[in-house]
Amino acid sequence: MKRSKWLEVLHQQWLTARGGRADAAARSFRRDWEKLLDDAGVARAEDRQAAVREAEKEQALGHVKLHGLKGRAYLVQKIEIPLEAESWWHEQFGSRAGSDRQQQSLEVVRESFDREHPLLQELWAALGQSLIAAFTAAKTLGPFSWREPERVTFLLSLLFDVTSREWPRGTLLRDASVSMGRDSKLLEGHQAVLARSLELLFGREMPLEALGIQTSNSTLHFSGPLTLHFENGESHATDFLRFESTLPVSEIERAVRITTTAERLLTVENRKTTFLQLARADAGRSTLIIATSFPSQAVRLLLEKFPAELPHHHFGDTDPAGWDILRCLREVTPRSVMPFLMKWRPRAEAAALTSRERQILVRLLADPCMTDCAGELRQMLESGTRGDFEQESLGRPDLACWPFYSVERTAHLRLETPPSSL
1332 MKRSKWLEVL HQQWLTARGG RADAAARSFR RDWEKLLDDA GVARAEDRQA AVREAEKEQA
1392 LGHVKLHGLK GRAYLVQKIE IPLEAESWWH EQFGSRAGSD RQQQSLEVVR ESFDREHPLL
1452 QELWAALGQS LIAAFTAAKT LGPFSWREPE RVTFLLSLLF DVTSREWPRG TLLRDASVSM
1512 GRDSKLLEGH QAVLARSLEL LFGREMPLEA LGIQTSNSTL HFSGPLTLHF ENGESHATDF
1572 LRFESTLPVS EIERAVRITT TAERLLTVEN RKTTFLQLAR ADAGRSTLII ATSFPSQAVR
1632 LLLEKFPAEL PHHHFGDTDP AGWDILRCLR EVTPRSVMPF LMKWRPRAEA AALTSRERQI
1692 LVRLLADPCM TDCAGELRQM LESGTRGDFE QESLGRPDLA CWPFYSVERT AHLRLETPPS
1752 SL
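Note that our numbering gives residue 1501 to position 170 of the sequence shown, counting from 1, and the numbers run on in steps of one.
Honestly, the hints are just simulated from the structure, not real lab data.
Check before you lean on any hint, since a few could be wrong.
Said to hold, decoys possible - Each computed PhoX-like pair below joins lysine-lysine, with the alpha-carbon atoms no more than 25 angstroms apart:
1. 1396 - 1336
2. 1366 - 1388
3. 1409 - 1388
4. 1401 - 1388
5. 1409 - 1366
6. 1470 - 1603
7. 1409 - 1396
8. 1388 - 1336
To be verified - Beta-carbon label-pair distances, calculated as ranges:
9. 1577 - 1740: 24 to 32 angstroms
10. 1577 - 1378: 51 to 59 angstroms
11. 1678 - 1577: 29 to 37 angstroms
12. 1742 - 1584: 38 to 46 angstroms
13. 1408 - 1335: 15 to 23 angstroms
14. 1696 - 1505: 32 to 40 angstroms
15. 1335 - 1427: 20 to 28 angstroms
Positions of the beta carbon are idealized from the N, C-alpha and C atoms, including for glycine.
Given only the sequences and the hints, what does the whole structure look like? Please build it.
Okay, here's the thing in structure tokens:
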């Protein structure tokens, strides 16, 4: 049955007021009657009088309560939705109470995480526990909102499918969608929200390209002097830019070569923290600083087109994934990539290694390109923990030039070679 516009607007305003709550409301929702009619576009006097008559009928049924002037009740001032009538409003307009949506979202999470993940059992289980804790407290976690059970269902299903297989490096985005039995453009349209979901699952920035799926919107995040040289003789210099700069992969693809006046290249894993701190610390701009976890297409192309003689250092976390990023960088560049301040450090109550992380360490120890890092990898494997692995634990750089961290700051890292000589 078609409802009057003012009823629809009242429902929407009431729903908005109630939508952010999972617990039952303690007070009835009340609205100024004249303002409600204005919001609903009820302008003519005869239409406003008809609305009063309709509201009186709804009041007789217990769906609303009208408040008029004292002694002149026919002059409506306020309209109220009684607490006991809220279920009727949900039923009539097909909406759901916040508590119902919360419970449905919790059911979705429990059902989704009843499945064992084929590759990431511990990480998947940990994400499930985090979502249950957040939703129980009526809190949003990353892109997952307890208010949207259908969206939670979709995102968890997509996240499970994307991470349940080892993707061949360079798998096209649309091919990946089809391989999962989805529409070919599905991943393309959900890259941003999926990237946030992956970061939540892995506990670090994890773009699709890190899983082997090649995207078309890859962007280079960097700080320092960089010049792109094009086939027509033109060039594009970024020497005048300070702190973080970006370049789309399309620009890097057009360049026939890339040069820099910097003395070295430093790739940094954590773009949101350590990269920005180092960019601000490099007063002399003698270091070209590139933000990258597992190298994206933009980073790969940059490394291919850089002069081979430019020294390359990598500063990453020292958990298994951090070392795996170093391995991947070594695979995609013709130059030697030296670990910078990457030493396994013990820490009391450090997180235990997952079975997946143990597998990564065993693989890295067997990889010929990681022989120089075997000591750090073995210490971690033998300890059974990740140790004090985060870059942020070193604090902010205390030097305004390379190597950014003083000897006093890094003394506990057991550095065989002072970083200033690298």
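Where does the structure disagree with the numbered hints, that is, which hint numbers, in rising order? none
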